[in-house]
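Peer 1: These are the residues of each chain, in order.
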Amino acid sequence: MAANETRTRRLHRELQQLKTNALPGINVNEDISTSSLETWVINVDGASGTLYEEEQFQLQFKFPAKYPFDSPQVMFVGSNIPIHPHIYSNGHICLSILTDDWSPALSVQSVCLSVVSMLSSCKEKKLPPDNEFYVKTCSKNPKKTRWWYHDDTV
Amino acid sequence: MDSDEEDFSYEEEDDEGDDSCDFGVDADEGFDSTYDMPNTASGADDIFTYEVLTPDTIVSYMNTIIDEVDAVFQLTRPVARILLGHFKWDKEKLLERYYCGDQEKLFKDAHLVNPLAQSTLNKVQRLSRSNSGSTSSAFCDICLQVSTNIQTFQGLECHHEFCTRCWKEYLTSKIMDEQKENIACPAVKCDILVNETFVGRILNDQIVKRKYHHLIANSFVVNNRLIKWCPAPDCMNAVKASYSDANAVTCLCRHEFCFGCTEPVHEPVNCSLLKQWIKKCNDDSETANWISANTKECPKCQVTIEKNGGCNHMVCRNNSCKADFCWVCLGPWEPHGSNWYSCNRFDEKDSQNAREAQNKSRSSLERYLFYCNRYMNHIQSAKLECELEAKVVTKMNEMQKHNMSWIEVQFLTKAVKVLSMCRNTLKYTYVFAFYLQKNNQTVIFEDNQKDVEMATETLSEYLERDISSENLGCIKQKVQDKYRYCEMRRKVLLDHVNEGYERDFWEFQDIP
Chain A
46 MAANETRTRR LHRELQQLKT NALPGINVNE DISTSSLETW VINVDGASGT LYEEEQFQLQ
106 FKFPAKYPFD SPQVMFVGSN IPIHPHIYSN GHICLSILTD DWSPALSVQS VCLSVVSMLS
166 SCKEKKLPPD NEFYVKTCSK NPKKTRWWYH DDTV
Chain B
285 MDSDEEDFSY EEEDDEGDDS CDFGVDADEG FDSTYDMPNT ASGADDIFTY EVLTPDTIVS
345 YMNTIIDEVD AVFQLTRPVA RILLGHFKWD KEKLLERYYC GDQEKLFKDA HLVNPLAQST
405 LNKVQRLSRS NSGSTSSAFC DICLQVSTNI QTFQGLECHH EFCTRCWKEY LTSKIMDEQK
465 ENIACPAVKC DILVNETFVG RILNDQIVKR KYHHLIANSF VVNNRLIKWC PAPDCMNAVK
525 ASYSDANAVT CLCRHEFCFG CTEPVHEPVN CSLLKQWIKK CNDDSETANW ISANTKECPK
585 CQVTIEKNGG CNHMVCRNNS CKADFCWVCL GPWEPHGSNW YSCNRFDEKD SQNAREAQNK
645 SRSSLERYLF YCNRYMNHIQ SAKLECELEA KVVTKMNEMQ KHNMSWIEVQ FLTKAVKVLS
705 MCRNTLKYTY VFAFYLQKNN QTVIFEDNQK DVEMATETLS EYLERDISSE NLGCIKQKVQ
765 DKYRYCEMRR KVLLDHVNEG YERDFWEFQD IP
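Chains as they are written, first to last, in the working numbering: chain A, 46 to 199; chain B, 285 to 796.
Bound-form chain A, shown alone:
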């Protein structure tokens, strides 16, 4: 249908943009991303001068059929999950633009930037206070969580 067509066209453009206007520290994992338009993995480097300097993370994007009108499912995957008060040890991220404040004018690149900036403003590496309970009880899909955004400063 039309919605899927929109998604395909938009993702092709985004991929192009990510390659041509690449931002330092944000790179598409080409093997995984080009083969499928549903799931992408982006390699994200911790910014220099922050607690996550020299670290590399992998962000997974899953695009629903209604993308970009519906928000993508975004979480950290792989062996290195950043330790951060808003990132659970299973990779789920508590970030309002990923659910409530999603706008179709946001893109993979701008989401990555937001995540990096969230990491950069962190002053102490620690897990969310309710990490243990959340990881045991949450849904696989982070969008199913009713996030309660409480702290904009970190």
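To be clear, the hints were calculated from the coordinates, so they are not data collected in a lab. These figures come from a predicted structure and were not determined experimentally. Where is the CB? At the ideal position from N, CA and C, for every residue including glycine.
Ranges of calculated distance between the beta carbons of each label pair, as one might list FRET restraints:
| no. | chain 1 | residue 1 | chain 2 | residue 2 | range |
| --- | --- | --- | --- | --- | --- |
| 1 | B | V587 | A | F178 | 21 to 31 Å |
| 2 | B | S604 | A | G70 | 57 to 67 Å |
| 3 | A | N186 | B | G484 | 29 to 39 Å |
| 4 | A | N186 | B | Q429 | 25 to 35 Å |
We have chain A; now place chain B onto it with these hints.
Peer 2: Leaving out everything else, chain B in the frame of chain A:
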């Protein structure tokens, strides 16, 4: 019965007040009015009135309010609608806030661009854009496409512009998938709301447009304190009242409900107690109550045990426990020796406490079941009443063959109506009584309740069985006397309860 004259005077007085599409029997209508009497008498100047709104009148009523506000503000109707929505359709509050406060902040809170400040700015920007527009191209942040045809780009007063195709998909997905009528501009971190003029310009799919208008009407009803949807299934009407209160209202679909909580009319119990009761009946707290009343815990390992016979020497079945204890006192078995029946551990502190706790939950369960049974019984009877209504119609036809005119047999319809009214009231008296703390007034209440209960049962008996063609004259007299009596006693009961609410006779207990 000497109450007859009184009752009839009521009926004739208030005949015209209600909708008149019934059978044209005055008795039928009069009943509703006697029902409201206590309220109108006590409320003096603010009489509760209501009207039913059909889907069309809902929209036209909404438009009237919008027009009124628009006439004052001289902005645009869509702006007036969004402002009204922001104030939950409280016109007075909006007007007050509009003229006695920071307007800039008001528009910001309502997610609007201040139309007063913007009108000049807007023109300048539009102008500059149309000058350069012919040469430059535009980029849509949603589809990430560059378009040379700038005419296809549109935006709200916040000037975030996107191509028409993306707008169309965005609005459609918000309306059809998320069922939202308050749609924000799709730009990042922009909360300016889309208005219906804009939606009308972008969308051309009639289904989506109709859905959008339906969502607007729904939010108008849901957010308006003085309008409630009729809760009957498939009914599209709403009821508008003069003030929000627990009063009985009847929709055009003939469904009668309480305006306060949209449950069926539930005099004499009030909305909040009824809510508690429904919750109590629905959740499984009573299962837990049953368990605590009918089972005991092993004093050692706390496993739950139900005794279904046999002697009082219990041996816990739990393999890792196997405790020996006495079912009666819950103390260890050992000191009982062989003669358990002279249970001499009776005054042991722990076992006494255990027994007390158990007795308490047992009696609270019994209490609940007592009231619940009676409540359920009336629900059951009300169901059977549908059949009775049909039976009565055949009876009425039968009687008309026996020298009685149509008008002469109408007393039966009225009797069935009174019967159902009384049952409904009785049903809720048990909910009321369940929460009631005993005092002198509750004794009067219980006597009233007993009286209505007995009269209602007799009336029901007459209608179910005792009418045959032979005794028509005398049974008519009996039925009429009885239903008038029921009606009167029901009113006495309700008046007493209402008086109690006003003069604070009633104390309610908090039962979880």
